[in-house]
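Participant: Using the sequences and the accompanying hints, generate a full structural model.
Protein chains in written order, with the numbering used here: chain A, 867 to 1037; chain V, 158 to 225.
It is possible that some hints are incorrect.
Stated by the list, open to error - Reference excerpt, derived from the structure (chain A facing chain V, CB under 8 Å, subset only):
| hint | residue |
| --- | --- |
| 1 | T874 |
| 2 | R876 |
| 3 | A877 |
| 4 | A878 |
| 5 | V881 |
| 6 | L884 |
| 7 | A885 |
| 8 | I905 |
| 9 | A923 |
| 10 | D941 |
| 11 | W1012 |
| 12 | L1014 |
| 13 | L1017 |
| 14 | A1019 |
| 15 | P1034 |
As the list claims (entries may be wrong) - Computed beta-carbon distance windows for the label pairs:
| hint | chain 1 | residue 1 | chain 2 | residue 2 | range |
| --- | --- | --- | --- | --- | --- |
| 16 | A | S971 | V | T190 | 37 to 45 Å |
| 17 | A | R1035 | V | I174 | 34 to 42 Å |
| 18 | A | V999 | V | W189 | 22 to 30 Å |
| 19 | V | S159 | A | D949 | 50 to 58 Å |
| 20 | A | R1031 | V | R164 | 26 to 34 Å |
| 21 | V | A162 | A | S971 | 17 to 25 Å |
| 22 | V | R166 | A | R977 | 24 to 32 Å |
| 23 | A | F946 | V | I174 | 21 to 29 Å |
| 24 | A | A923 | V | I174 | 30 to 38 Å |
Bear in mind the hints are in silico, worked out from the structure with no lab data behind them. Since the structure is predicted, the reported quantities are computational estimates derived from the model, not experimental observations. Here a beta-carbon is modelled for each residue, glycine too, at the ideal position from N, C-alpha and C.
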Amino acid sequence: MSHAFWITSRAAGVVALLASSGAVTAGLLMSGRFVRRSIDLRATHEALALATLIALAVHAFVLLGDGFLHPGLADITIPFASDFQRWWMAAGITAGWMLAILGLSYYARARIGVKRWRMLHRFTALAWVLGVVHALGQGTDAGTPWLLVSLAAVALPALGLLTMRLTPRTA
Amino acid sequence: MSRHASRVREIRKRVAIVAVAAFLLAFNLIAWTGSMGTTTTSTSSSSTSSTSATTTADEPTPLTTHQS
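Facilitator: What follows is the structure, given as structure tokens:
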């Protein structure tokens, strides 16, 4: 199949989008005290975050094998290095790095300091929003009903929780 | 293995299965219905026996073949 790399990258991008939305939802549910903290929710949050990172790596690096786009390593790892849809690409690359660094920092939280790590980890939601912007702005499948419906199913709850979290509470 | 560890392992396994299933579903959906960024159509004329090809971009793009 001549488009195998291209389709693989797009499918992995879809998985990253859905898994990151699920991870953000689980994370906001835990931090917002909307539900009782449980081992299941925490494990689901972590597993979805790891699945996101794997899917993101596939989404980016598989493009190196694409015979049509021909991106270099810099094009897929450095924001604004690629001339191709520069701003959407930069949003995606920045989101990818933020998700990777902020997500994997969990395993170094003892060294970072739990309080400082928690403060940093909040920026994961911003990275997720950037990722959604990248997908909707640049994604070839962005206008397809199947992607919009599946994205709405996982992203709208996360967006609702994020809005509730950011809204100042009145006493 | 403790009960906690086995529960975490079970959840990771489920998430991995769902992620792989979502990938396969998305891959097939894109392969069968997705745009590759451009469409190429060939038309033949029987009277002149000549063939012409027309390439139409789905969206504005610097590429001649496909785009993300």
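Participant: Taking the hints in turn, state whether each one holds.
Facilitator: Evaluated hints:
1. Checking T874(A) against chain V by beta carbon gives a least distance of about 7 Å; that is within 8 Å, so the hint holds.
2. A distance limit of 8 Å between C-beta atoms decides the matter here; for R876(A) the minimum to chain V is near 5 Å, and the interface restraint holds.
3. Against a cut-off of 8 Å between C-beta atoms, the interface hint on A877(A) holds, since the closest Cβ of chain V lies about 4 Å away.
4. With a least beta-carbon distance of about 6 Å to chain V, the hint placing A878(A) at the interface is held under the 8 Å criterion.
5. Against a cut-off of 8 Å between C-beta atoms, the interface hint on V881(A) holds, since the closest Cβ of chain V lies about 5 Å away.
6. For L884(A), the shortest C-beta to C-beta distance to chain V is roughly 6 Å, which falls under 8 Å, so the interface hint holds.
7. Given the 8 Å rule on beta carbons, the hint for A885(A) holds: about 6 Å separates it from the nearest Cβ of chain V.
8. Hint status for I905(A) relative to chain V: holds, with the closest Cβ pair at about 6 Å, below 8 Å.
9. Among the interface hints, the one on A923(A) is violated; its C-beta lies about 13 Å from the nearest C-beta in chain V, farther than the 8 Å criterion.
10. A hinted interface residue such as D941(A) counts as satisfied when its beta carbon comes closer than 8 Å to some beta carbon of chain V; here the least separation is about 12 Å, so the hint is violated.
11. Taking 8 Å as the C-beta contact cut-off toward chain V, the hint placing W1012(A) at the interface holds, the least distance being around 6 Å.
12. For L1014(A), the interface hint is violated, the least distance from its beta-carbon to any beta-carbon of chain V being 13 Å, above 8 Å.
13. Evaluation of the L1017(A) hint against chain V yields a violated restraint, the C-beta minimum of about 11 Å exceeding 8 Å.
14. Taking 8 Å as the C-beta contact cut-off toward chain V, the hint placing A1019(A) at the interface is violated, the least distance being around 12 Å.
15. For P1034(A), the shortest C-beta to C-beta distance to chain V is roughly 34 Å, which exceeds 8 Å, and the interface hint is violated.
16. One distance hint, 37 to 45 Å for the beta-carbon pair S971(A) and T190(V), holds here, with the actual separation near 39 Å.
17. The supplied range of 34 to 42 Å is met by R1035(A) and I174(V), whose beta-carbon atoms lie about 39 Å from each other.
18. Judged by the Cβ atoms, the range 22 to 30 Å given for V999(A) and W189(V) holds: they are separated by roughly 27 Å.
19. For S159(V) paired with D949(A), a C-beta distance near 53 Å keeps the hint of 50 to 58 Å intact.
20. Between R1031(A) and R164(V) the beta carbon distance is about 27 Å. The supplied range of 26 to 34 Å therefore holds.
21. Checking the proposed 17 to 25 Å range against A162(V) and S971(A) shows it holds: the Cβ atoms sit about 23 Å from each other.
22. For R166(V) and R977(A), the hinted distance range of 24 to 32 Å is satisfied, since their beta carbons lie about 26 Å from each other.
23. A beta carbon spacing of about 37 Å between F946(A) and I174(V) contradicts the range 21 to 29 Å that was offered as a hint.
24. Take A923(A) and I174(V): their Cβ atoms lie about 19 Å apart, and the range 30 to 38 Å is violated.
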